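Asker: Chain by chain, the residues run as shown.
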Amino acid sequence: MLAAIGVDSTAELFEQIPEPLRLGRPLDLPAGLSETEVYERLAELAARNADAESQVCFVGAGMYDHYVPAIVDAITSRSEFLTPYTPYQPEISQGGLQVMFEFQTAMSELTGLPVSNAGLYEGPSSVASAAYLAIGATGRRRFVVSRGVHPHSRETLATYSAGYGSEVVEVGLEGGLTDAAALAGAVDGETAAVILQSPNFLGGVEDVAALGAAAKEHGALLIVACDPMTLGILKPPGESGADIALGEGQPLGNRLDFGGPSFGFFCATEDLIRRMPGRIAGETEDVDGRRGFVLALQTREQHIRREKATNNICTAQALNALGAMVHLAWLGRHGFRELGELLARRTAYARERLAAVEGVQLLHEAPVVREFAVRLDAPVEAVLERCAERGIAAGYPLGRDYAEYDDGLLIAITERRTRAQIDELAEVLEASVAAERGAKRSHSDTNAPQGVAG
Amino acid sequence: MTLIETPMQRERAQTIFEKSKPGRRAAVLPDAEVPETPLEELIPAELLRAEAPRLPEIAEPEIVRHYNRLSRRNFDLDSGFYPLGSCTMKHNPRLNERVAALPGHARLHPAQDPRRAQGALELMWLLQESLSEICGLPHVSLQPSAGSHGELAGLLLTRAYHADRGEERNKVLAPDTSHGTNPASVTMAGYETVKVATNERGGVEIDDLRAKLAEHAGDVACLMLTNPNTLGLFDENIAEIASLIHAEGGTLYYDGANLNAVMGQSRPGDMGFDIVHVNLHKSFSQPHGGGGPGAGPIAVSERIAPFLPRPQVVRREADNGHGPSFDLDFERPKSIGRLRGFQGNFGVFVRSYTYILSLGADGLAEASETAVLNANYLKARLAAGRAGERLPVAFDRHCMHEFVLSGKPMKDSLGLATLDLAKRLLDFGFHPPTVYFPLLVDEALMVEPTETETKESLDAFADAVEEILAEAEEDPELAKNAPYTTPVRRLDEVRATRRPLVRQPLGD
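Line by line, the protein sequences are chains A and H.
Numbering of the first sequence is given in my numbering, commencing with residue 1 and proceeding in unit increments.
Numbering of the second sequence is given in my numbering, commencing with residue 1 and proceeding in unit increments.
Derived from the structure by calculation, the hints contain no laboratory data.
Fair warning: this is a prediction, and the values are worked out from it, not measured in the lab.
Just to be clear, a hint being listed does not mean it is correct.
Below, a list of computed lysine-lysine pairs in the DSSO-like style, where the Cα atoms sit at most 27 Å apart [claimed, not checked]: (1) 480/H <-> 411/H; (2) 480/H <-> 308/A; (3) 212/H <-> 171/H; (4) 171/H <-> 308/A; (5) 212/H <-> 195/H; (6) 334/H <-> 171/H; (7) 171/H <-> 195/H; (8) 308/A <-> 212/H; (9) 408/H <-> 480/H.
Incomplete in silico selection of chain H near chain A, CB under 8 Å [stated by the list, open to error]: (10) 7; (11) 33; (12) 104; (13) 122; (14) 380; (15) 487.
For glycine and all other residues, C-beta sits at the position ideal for the given N, C-alpha and C.
Between the sequences and the hints, there should be enough to build the whole structure, so can you do that?
Answerer: This is the structure:
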């Protein structure tokens with residue numbers, strides 16, 4: 001090979017790098033290992049995590065411990081889906097492109113909006129991308145955002161806003177739901193979009209249509225973040241006046257993976273199609289008249305439009321969207337709705353069961369589907385530690401994000417959480433709160449152990 | 001040319017929604033085990049959905065068959081050579097998939113208390129340390145979800161860095177050869193792109209850079225570069241370029257799409273870059289998944305570090321005789337904030353860390369060496385044949401891990417566009433190179449073979465190009481009407497944009 005190139009060594013090929021910039025030493029990294037050794041090392045690291053297999057997981061807060069059916073893994077691990085690049089050559093990418101088209105159809109159906117893209121990174125950055133779209137669509141730069149929107153979404157929006165130069169105004173919660181009067185008061189003629197989430201971060205199902213009226217009145221877009229797993233039973237945002245419905249896709253066909261990769265979905269009204277971020281597959285025909293699929297509307301995208309692109313996104317989450325599509329097909333029309341009902345009923349049971357526990361009160365009584373918030377009569381982190389020692393991840397401490405709910409605990413239910421596990425949660429929580437209160441009373445401070453796992 | 005339809009062509013596309021039949025299903029759900037309260041008693045009726053969404057009704061065997069059939073309508077890296085320039089289509093080791101699927105990784109909740117996620121945080125910290133060493137920069141954030149997300153992060157970091165110094169700057173410089181994501185990210189970050197010209201050796205035109213810096217004195221926030229650049233050439237003037245932009249108070253940003261050429265050979269930090277993004281789905285073997293997932297960690301210099309996204313994975317030394325522990329640090333007052341939910345694409349981190357552990361220091365350096373050798377060999381093989389005249393290399397010098405050909409002579413002499421050549425390559429069982437990029441080169445064809453291809457694969461590709469050119473000398477119509485053997489033939493892309501049909505219309 002060197003002879004064909006006309007050099008004596010590969011080192012000669014690297015001579016185009018000026019000598020002072022050549023590293024000239026090995027990287028300061030360990031030597032390579034055999035596959036066996038690497039496996040053992042990774043297995044050892046994995047074993048030092050308390051996962052949902054070793055703990056009973058009642059933590060949600062945007063990502064949920066659903067059962068992902070085996071066919072999802074079987075299909076997403078096929079080389080033909082796992083290893084291609086983005087489908088730039090449609091003639092040899094019909095599989096991936098058709099999956100995108102099917103996924104768009106499914107998400108559009110779930111959200112009740114006519115147009116869907118093929119997926120974005122994840123939920124929170126999708127909110128920021130929707131805001132960016134709203135600036136282009138309205139020529140305005142002010143956002144009114146409910147504090148019921150996921151804290152990570154609000155933080156991501158703030159980060160992006162520093163770039164595209166916009167103002168973010170937050171509206172508080174009242175009884176677990178967005179304060180409607182405060183929202184109406186905050187929206188004005190300079191508002192580009194009103195951003196809501198339903199169910200909101202505390203689990204409450206918002207009256208999107210009522211809240212959205214203020215946006216309509218002032219010509220602002222209505223952006224609604226939603227949990228796709230609730231859309232089998234909840235009214236689709238598109239029927240409540242949303243211009244954009246988006247969200248975190250993880251509950252559909254994706255594992256927890258300590259936070260990613262998952263995907264974001266993004267659906268909109270017809271008139272926003274040319275402003276959408278991300279890939280969109282469209283149906284067309286080949287020269288012989290066969291039905292086929294291509295990347296449509298590429299003139300929105302960075303590789304064509306460069307600085308005038310509607311978004312900078314390139315590599316997104318195609319494989320994760322495939323997982324979602326397979327999961328949705330597996331659940332099917334009726335299974336998907338039944339799962340929503342199952343979540344709502346088990347959650348209602350869990351809420352009632354916990355409300356009866358000494359030292360636990362409901363944080364709000366708004367309607368919920370799969371997650372609800374309680375207040376504890378003892379320090380939340382300390383109670384969680386006690387529950388963890390008994391093998392239960394009891395929930396998400398709201399104090400991490402909401403100073404006003406520092407006694408709050410957010411509890412999520414999936415189809416994996418059985419009635420017996422819910423009963424056990426109630427017992428363990430009761431005992432843990434009681435123990436913490438006792439500890440507090442006796443001043444023998446045995447708070448959360450400070451030791452380090454592993 | 002008429003051909004008999006292949007079996008796959010004969011099988012017309014049908015979506016899973018069209019295969020739906022009322023009453024069929026796959027899922028069996030667990031019993032509710034709790035009272036079957038009517039939904040209206042739990043949630044106000046006006047907030048409920050009237051009808052179940054029209055998802056497919058289909059049994060499991062048919063779902064499997066449907067997606068298996070679709071998979072066969074994809075060309076993939078495991079089936080053949082995929083020299084897609086700028087995309088680094090290297091082998092994806094299956095060990096990575098196995099360890100990513102361990103329950104300790106796959107079923108770990110992202111909000112888990114850091115004390116009970118020590119293995120995951122240590123893995124992230126180790127990956128940060130590895131990338132820091134590879135990039136030659138002291139601090140790393142793993143948070144960005146892909147390369148373009150890393151670019152946006154880098155520009156927001158630049159903005160925060162200047163704001164902290166009380167400066168406001170509005171321009172970002174980028175070469176005319178840059179990836180499309182660069183200017184798109186610039187706009188999202190609220191800056192304006194200023195193009196810098198390319199010199200006759202394919203590098204940044206220094207005089208033009210000086211002129212642009214002078215024209216926008218005090219207003220240039222950043223210069224975004226790829227090195228090796230998108231022509232596959234190392235810019236020998238990088239040290240001078242770095243000192244020019246630094247003298248003007250700007251940051252130097254490294255688009256890491258081409259890092260595969262220089263791992264263990266040369267480090268962006270040593271070249272003078274302040275901010276680097278790394279595409280874990282390119283150089284570090286995360287499978288591309290047909291368009292993601294990926295991850296785009298960023299490595300930065302000391303002066304940029306205070307502004308890194310929140311949270312940051314940190315290692316804390318123990319004071320109680322225990323070993324070190326790992327934590328998520330949210331107390332970063334100057335941070336630009338979050339770029340996404342939770343901690344990033346952890347599953348991608350597992351795969352890339354596994355890759356780095358497997359290859360080690362020597363293996364990474366050797367990977368880059370072989371990538372560069374393979375690219376130069378293929379370039380030489382092509383130049384020795386008809387391509388030498390019809391498809392000359394755009395800048396004739398040794399390349400790094402990829403090279404760019406110009407199809408202009410082929411178009412002028414044979415009437416064959418680069419697109420035609422690309423489509424005819426499909427009939428020969430190859431994924432074509434990247435076409436029509438960079439924009440600077442007429443009828444561009446960008447070839448990146450990667451280190452995981454054998455000499456035999458490279459030869460076979462060169463032979464195919466030779467055969468296509470020879471055949472076109474006889475009958476150019478063959479290539480102009482290609483492909484013939486793919487599941488569908490050339491598709492009408494204009495129609496898909498003019499009258500977009502982006503979802504399946506659903507009946508009752």
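Asker: So which hints don't hold here, by number, going up?
Answerer: 2, 10
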